[in-house]
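Colleague: Chains A and B, in that order, give the protein sequences. Residue numbering for the first sequence follows numbering that gives the first Met the number 0, beginning at 0 and increasing consecutively. Residue numbering for the second sequence follows numbering that gives the first Met the number 0, beginning at 0 and increasing consecutively.
Hints listed in this document are in silico derivations from the structure and should not be mistaken for laboratory results. Note that the coordinates shown come from a computational prediction; the quantities given were computed from them, not determined experimentally. Yeah, the Cβ is synthetic: ideal placement off N, Cα and C, and Gly gets one too. Be aware that a few hints might be false.
These stretches of chain B come out as covered by chain A in the derived footprint (C-beta under 8 Å, 3 or more residues) [to be verified]:
(1) 58-64
(2) 197-206
(3) 213-222
(4) 245-254
(5) 264-277
Anything over 12 Å on all C-beta distances counts as not near chain B; from chain A, calculated [as the list claims (entries may be wrong)]:
(6) K22
(7) T99
(8) T146
(9) P172
(10) K307
(11) H310
(12) D637
(13) Q654
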Amino acid sequence: MKNNFSPEHNYINTKKITGYVEKKEATRETYSDLGFKCGHEIHQQLKTKKKLFCRCPAGIYHDPDDFNAEILRHMRPTLSELGEYDGTALMEFKTKKNITYRINNQTACTYDIDDTPPFPLNREALDIAIEVALLLKTNVVGELHITRKQYLDGSIPTGFQRTAIVGIEGEIPLKNKKVRIIQLSIEEESCREVSDIGHERIYTTDRLGIPLIETVTYPDLLTPDEAAEAAHYIRFLTRSTGKVQTGIGAAREDVNVSIDGGTRVEIKGVAHIARIPLLTHNEAFRQKALLEIKKTLNERFPNPAKWKMTHKPVSPNHIIEIPTFIDKKKANRYHWVAVNLPGFKGILSFFTQPGKSFANELSDRLKVIACIEKPNMIHSEPWYMNKKGNTPANLRQEEGFNQALNGHGVDFAAVRKLFKSGDNDAQLILWGPEDDIATAIETIEERCKWAFEGVPNETRKSIADGTTIFERVLPGPNRMYPDTDSPPIPIEEDHIQGIRKILPREVSDCMKQMKKWQIPGDTFCYLLKRNLFPLVEKIVEDFNQSPKFIGSLIGHHLKYIEGQITPSSPFTYDRIYHLVDFIIKKKLKRDILKQMLPVVYQYPNMDFESVLTTIEYKPKSEEDILDSIPVLKEKFSDISNSENESAMIRWVMGQLRPPALGNMRLSELHTKVAAGNGGNDE
Amino acid sequence: MSDMFKGYKGKALEILKKFKVRVWSEAKIETTRGEFEGIILPRSENDDAKHLVLKLDTGYNIGIAIDSIIEMKEYGYKEAKYKIPEKEFPTSPEKPNIKLFGTGGTIASRLDYRTGAVIPAFSPGELYGAVPELADICNLSTEKLFAVFSENMGPEQYTTLAKAIGKEIEKGIDGIVIGHGTDTMHHTAAALSYMVQNSPVPIVMVGSQRSSDRPSSDAALNLIHSTTAASQADIAEVLVCMFGPTSDEYALLHRGTRVRKMHSSYRSAFRTIGDIPLAMVKRDKITPLREDYNHRRKDKKVDIYPYFEERVTMVYYYPNMNPDIIDAVVEKGYKGIIIAGTGLGHVNKPLYPALERARRAGVAVYMTVQTLWGFVHMNVYETGRDMMSKGVIPAENMLPEVAYIKLGWALGQTGDLDKVKEIMLTPIGGDITEGEPYNGYLVYQGGIPEVEDFIKKFHK
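Could you put the whole structure together from the sequences, leaning on the hints where they help?
Modeller: Pasting the structure below:
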């Protein structure tokens, strides 16, 4: 058995079979060959004073340890239409979680913890949602029907999210195509998870109930980069209203990915759009790998129904030594089970994602479904595992090879003997509290059976390294029902027309205008993300300024300053408008703006006169400045033996820039300095 | 015909007829706001006639304004059929036999996702499908006595229920559970406390504060707690079994005569007033909090007193109350009045002549306190003594609702006011206690540091 099978080589080999290429090497063809398809569900918190269904303030966050009370709940699945439990429901119930909600009186009331029916829907939020629905060009519904969407993970204390469709069937323009929008809904935010260990999950309720909109696109995005582009566009669009929350977690993406022969898999809670390309790229190949596994297994077992795994309890220190990475005290309380997987040789170490193999799919599920914390299993194909039993994401898979079995003290030969395993079998040993073992075994069997069918429907959580881990079974569509606590809300035509009148300019229009104005393209993302186009436009129009200069002043200069300086009090962008107004009234030349901006940003409350003093500005007439040119030129000749004229011009400009700033256009000064010297105009 | 356009009226009905589109049909609708497609759902009778309800493919419902409709086309039809899956309830001779009476509230239910309807589950098989843990607790049989909303429960239902309980006990049941809407559960609990006496087994009332169609519902756990109490508790009294804290932790067993719903929506709405509850119930354990209860017996004897006089009322006193309120009640032929008076049991002076007239008309008048906690003390002030001389009888620390039920029950047995008085003032099932224990009144005030400490330490 040991003879010539190497899990390391198998991992590398199966990665090749899968056809995995690095993201940077992938082309459009790579994805069209895979049949890559992606769609978004983009969540965006709205900037309202109050929550959606109660009058608690929205947008205030507490430290998770800053709470006044805790409430314990359990979530029970309700029967679905066919009298059976929905897949997610069943899984969540299997996990039997004790769900604890932490409540801070400032941000939660009895509604939040489901001890009071909802208050009437927040109209401020609804109007923002209608505004976005119009921007997305959707068909706005005649009547809003609040619907309950079941969630059994406990993230919402009722067990369902109150949600309603505002508009359906819209579109957004990307560079090269139009992406269709399925719907825009308004809904309540869920709780923030504090921890989830074993059977105990803790949530905090500060975020719960904040109004949220969800934009759902069709799976029209055919490459990872297109997926990112669409996500950006939708973010710009929602931000253009100026009525949405910004900051960490205020916008979150669920990205749906599928390939030919694969299944829609949802990657949940992606907080940064920049991560979308790699995540979707890796997910596409994970599905491809699972399809390869399916192929292999179906060749080995023409009749998958006959495949049967076997398991036996084993005692540590007897057949195996307790792996060194497990706490000895805990180990004695655990139950240990060996599992034989017929025909699974080469599958456990089969590549699925960079640094991960099929065994990870099993281990992830043990954690989520059986509530057994990792490490929760070892197996006969440990192509990589460090001594702690982890596969740290930051280590590349090439490292740590050959460490595999060392130090684990697990003799799989004895396990094979126990099962009288065939040459083509694989084995694993799992462990955990007695009560969880039955679920654990079931979980392994279920996932292995799925391997014969391909890609299971699931929700996955994104990891910073661009890979994903199993989060839960993807819920079916059968989890929506009307909220009997809320009457329908008519959306009258007059009301829509009122909102239509105040719509911001379309993002694609803004982009076109900025291009026309020759504002540098690398500022667009910054300007649109912060909804600064209206500011640029206002400055350009009110003060007749060059759009290119203002665009760059904000999109380059201010962006740089933001990265370097922390303001002493909150900085608001309309300060820049007032700044430009100030220098114009003062008849200062615009070059001084760049000098003033860092100070203005750092001290938002400082008056502009004081800013001038801080940068040591002194008024000087153009004549006075120009008068000193001949003297300086002479001085250059004295101190330098360079004959180079442009060196001279540079030196003179260097001397004159500080006194000239604000008093004279620098480009003009340069012309004057160069004049008669044959220097180049800037 | 009416079912074809269920719930639609006025303009909405007209347009459905015009385009020949039925409820449950799959339809394409062209409107001034764009195109919509989905299943036409029935409309709630109370909603306006200006919109159609459509279920989209995604499971969401939306409304479409009638005025915006340009064209509609039916291209399919899918009528919902309600059916509840049944699994046979596993029984075994070792488990106690429990009877569950239904009165109308839903204890368990199943959702029809296509229509959004909530279908109550009630037969043992249906309940087993929804709450399989029940099979570990008891052999369950069920009987739906009536289907009324909690607020519509009245004397007729009280007596029917009492008789049904009597029959079950005579047949040798080990415990009884009564599913009941929560709003008037304490009225029914009081009625049963009087109508069913000396029961050999627990009679446990239960309901739910959050509808059973939601994952966070208290219904399943309440059902588990109440069947556990009915099966195992040594307390052979009429009890209310509802959440102790709002957390999914334990239930309390309250005496039927001392319990009151104290919050419009909290899971832990039920509280024993002026005393402490009888026991705590967890999934696997019953912890008695006191010992002076009627113990479970092996016999099948029980006393059923199914009487009730309906011409009894309760008057909640407020300052400025006009005497004609009392006069009106007397003139209408009422035989008994429970007054919920202020403080120690007072009403204003202008009412005295009316009370005098009530006495002369042979109306039984009893005084309770709207403070809920504490005894009526009519001897403390001159005014109280005045009132007693006008025939108003202090009802000790009976809760106003309990006193109302008791007076109806007493007058149902006799018209002799002396006998009625004897019945009223003889404690039954703890409705009047000898005194109030120091921990019988605990309405903690939030914000106080030690209270906040307590709340943080223990699950609310």
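Colleague: None of the hints should be skipped; say for each whether it holds.
Modeller: Quick rundown of the hints versus the structure:
no.: 1; hint: 58-64; result: holds (count 7)
no.: 2; hint: 197-206; result: violated (count 0)
no.: 3; hint: 213-222; result: holds (count 6)
no.: 4; hint: 245-254; result: holds (count 4)
no.: 5; hint: 264-277; result: holds (count 3)
no.: 6; hint: K22; result: holds (32 Å)
no.: 7; hint: T99; result: violated (8 Å)
no.: 8; hint: T146; result: violated (5 Å)
no.: 9; hint: P172; result: holds (18 Å)
no.: 10; hint: K307; result: holds (27 Å)
no.: 11; hint: H310; result: holds (25 Å)
no.: 12; hint: D637; result: holds (79 Å)
no.: 13; hint: Q654; result: holds (66 Å)
The structure does not agree with the numbered hints 2, 7 and 8 stated previously, though it agrees with the rest.
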